[in-house]
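Chain order of the listed sequences is A, B, C, D, E and F. My numbering puts the first residue of the first sequence at 206, with every later residue one more than the last. My numbering puts the first residue of the second sequence at 206, with every later residue one more than the last. My numbering puts the first residue of the third sequence at 206, with every later residue one more than the last. My numbering puts the first residue of the fourth sequence at 206, with every later residue one more than the last. My numbering puts the first residue of the fifth sequence at 206, with every later residue one more than the last. My numbering puts the first residue of the sixth sequence at 206, with every later residue one more than the last.
Please note that a few of the clues may not be correct.
No distinction is drawn between identical chains; accordingly, a pair holds when it is met within one copy or between any pair of copies.
Unchecked claim - Distance condition first, Cα-Cα at most 20 angstroms in a straight line; then the derived SDA-like pairs of lysine to any residue:
no.: 1; residue 1: K280; residue 2: D218
no.: 2; residue 1: K280; residue 2: R253
no.: 3; residue 1: K280; residue 2: A225
no.: 4; residue 1: K280; residue 2: D233
no.: 5; residue 1: K280; residue 2: P258
no.: 6; residue 1: K280; residue 2: G317
no.: 7; residue 1: K280; residue 2: P254
no.: 8; residue 1: K280; residue 2: A318
Because the hints were derived from the structure by calculation, they are not lab data. Every value quoted in this text rests on a predicted model; they were computed, and no experiment measured them.
6 protein chains.
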Amino acid sequence: MSDRFERGLAAIDRLAADHAAIFDPVADIAPDLSRYVAEFAFGDLYTRPGLEPPHRQLLTIAALAALGDVRPQLKFHVAGALNLGVEPATIVETLLHCLAYVGFPRTVNAVGAVREVFAARGLLPVGDQRPTA
Amino acid sequence: MSDRFERGLAAIDRLAADHAAIFDPVADIAPDLSRYVAEFAFGDLYTRPGLEPPHRQLLTIAALAALGDVRPQLKFHVAGALNLGVEPATIVETLLHCLAYVGFPRTVNAVGAVREVFAARGLLPVGDQRPTA
Amino acid sequence: MSDRFERGLAAIDRLAADHAAIFDPVADIAPDLSRYVAEFAFGDLYTRPGLEPPHRQLLTIAALAALGDVRPQLKFHVAGALNLGVEPATIVETLLHCLAYVGFPRTVNAVGAVREVFAARGLLPVGDQRPTA
Amino acid sequence: MSDRFERGLAAIDRLAADHAAIFDPVADIAPDLSRYVAEFAFGDLYTRPGLEPPHRQLLTIAALAALGDVRPQLKFHVAGALNLGVEPATIVETLLHCLAYVGFPRTVNAVGAVREVFAARGLLPVGDQRPTA
Amino acid sequence: MSDRFERGLAAIDRLAADHAAIFDPVADIAPDLSRYVAEFAFGDLYTRPGLEPPHRQLLTIAALAALGDVRPQLKFHVAGALNLGVEPATIVETLLHCLAYVGFPRTVNAVGAVREVFAARGLLPVGDQRPTA
Amino acid sequence: MSDRFERGLAAIDRLAADHAAIFDPVADIAPDLSRYVAEFAFGDLYTRPGLEPPHRQLLTIAALAALGDVRPQLKFHVAGALNLGVEPATIVETLLHCLAYVGFPRTVNAVGAVREVFAARGLLPVGDQRPTA
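For reference, chain A alone in the conformation it holds in the complex:
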């Protein structure tokens, strides 16, 4: 294993309870894909200095919401954000902030995906100190 791989694996482990969710589904078909996830996406990119991990997670969530058709990855990274200590309301706020760029349909679907993660962890309802207009 390269240094990049080990560094990426450590980053995944800080994010997820278990990195099996990334490695197992492709182990018998494209093991190199999860190797690249560890080496490049996490080992090269995620561990760069210059941005705090919680902010990185929110940037990821913004980008995934804009892509629109990547629900499993969105759920993985929302769980990762929670594991890093990001407040549920901050994750929701991130999606509401992006609403103007992403549009309503993809935002509604992204919120639905986030809700599944929150529900599984007993985090609903999300405390909301926001004005109700």
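Fit chains B, C, D, E and F to the given chain A structure using the hints.
Relative to chain A, chains B, C, D, E and F alone:
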């Protein structure tokens, strides 16, 4: 409730048997999102003069088909179009018209979503007066 | 020339002052592409019964705005809509209607493309009978 | 039936065990859509000279992976590639090649779709002669 | 002018030297569009509590990079980030973080757009304390 | 320089007359981005066994055409395909094959980008042995 909210709610109610489908799924996580749906998407935009509601629905269906990954919203607005009196064949025709721009895969998937709405209402087969080549 | 081709060419000619804008740019590299435009996009799809040509144009504009990166085609079809007698304000209204789905950035860019077509025809400012809030 | 239709149907039959997967789902709602699939997508485009059918399949897989939200079509064409004799590892390799353009989330989801097709045919694990870094 | 409009205008003014860049281009064709930008995108969304303005800008940049075809908006919001005191290197870091999701082509083009903003302000070269491998 | 970097650089040099087109535009803003292009996109992915370089180029072209808003990258890779000995007609054929998935507008724009590369090399008109219907 603002005037915009009430105006939007009335627009939703003309479209859907029940606006709960929009409000309930986000009530415990992002109530502001459904408020924006009512105030902005429906209260500001949908109720503008200059286009008839049935035409607005077909424009929505064209845009959602092009986005491609927003099946729940497509089904909601197809049901809305039927509720406004749009003929099933006109909805199908809208998707066929957009085929050249949207491509076959997304169009086939959009037709599949529309078919689910039609099937639930007993509207199949769609009467087709079109030439068969 | 097939019937489909001639039927499509006639449809293009009703839409555009001149179909050279479609045929010339690809004549020395992919003439079959413009043949398919004529035969399939216009001969098969555009000339189907069930939707009026002006409405077809607005559906096209909605789909192209949602795609987002097809400015030349958007301008071609906006010009086509004007040639079919669609009011400038109705074209703008179509883009504003789709704003909730398409998002602000792509809508702003689509309006900018439409503005170029209107400016070249001396159609600015667009008469606006809409409420200003 | 036109020549284009018959030519397209023959192309589909070389690709799929059964063309019912294309025709049946839209038979009672948009039969013209499957007619266009046969006539245009397969009769006009797929049967053109200049590219071998296995390469055409891989190009299709690359394009569908980039579109990202067209899982049923991706699975259909992966099955088609296998039916044409393409090696499972070559299909995986195609997705890995496109990773830099398509991004990780859509690639991971595409590999997941491909895996379902391979699993149903008992093709797992995919023999992998590739270096492990 | 509504409170929402004034609140949005103030938010735009904190971001941009001059809000004319938003209002002027659509003034003679779709003034309601810039009103919605001010009222909704900035007045409703941007001014919500729960995220600091510099972080909001970086989320916007992530979402716009993922959309891919919205260069003018990306440049506007990069300039806005600088005006809010975000370090140039942090903006670049945001795009590099999103590379795994957005892919190389759109990231390279986004960096090119950012570079134009930086060049116009004499901010090149970007100080880079990052490891060089 | 790592082995991955050198291997990637060699791959770029086989593709392009000069790798400066990749490195220079980001040298003063995001040098790590071009490092990742060399190390990951080319060093890791492009040099994998299992697909011939000319086929890799055509897969790239298919994916980029589907992404739709990445004209500079499309032109770079079309030039690369020519440098690898791919026939101009095969490149055009690749885009026509993807037309059913990508749709007409993005295909027409992709062909326009390809045409610019061909024109700069004096490769027009493209010899076309294809049937004209």
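Going through the hints against the structure:
Proximity of K280 to D218 under the C-alpha cut-off of 20 angstroms is restricted to the intra-copy arrangement: shortest distance 16 angstroms within a copy versus 32 angstroms between copies. Taking the shortest Cα distances, K280 and R253 never come within 20 angstroms of each other, neither inside one copy (23 angstroms) nor across copies (24 angstroms). For the identical chains of this complex, K280 and A225 are intra-copy neighbours only, at 15 angstroms inside a copy versus 25 angstroms across copies, given an alpha-carbon limit of 20 angstroms. Proximity of K280 to D233 under the C-alpha cut-off of 20 angstroms is restricted to the inter-copy arrangement: shortest distance 18 angstroms between copies versus 23 angstroms within a copy.
Taking the shortest Cα distances, K280 and P258 sit within 20 angstroms of each other inside one copy (17 angstroms), while across copies they are farther apart (25 angstroms). In this assembly of identical chains, the alpha carbons of K280 and G317 lie at most 20 angstroms apart whether taken from the same copy (10 angstroms) or from different copies (16 angstroms). For the identical chains of this complex, K280 and P254 are neighbours neither inside a copy (25 angstroms) nor across copies (24 angstroms), given an alpha-carbon limit of 20 angstroms. Taking the closest pair of Cα atoms, K280 and A318 come within 20 angstroms of each other both inside a single copy (6 angstroms) and across two copies (18 angstroms).
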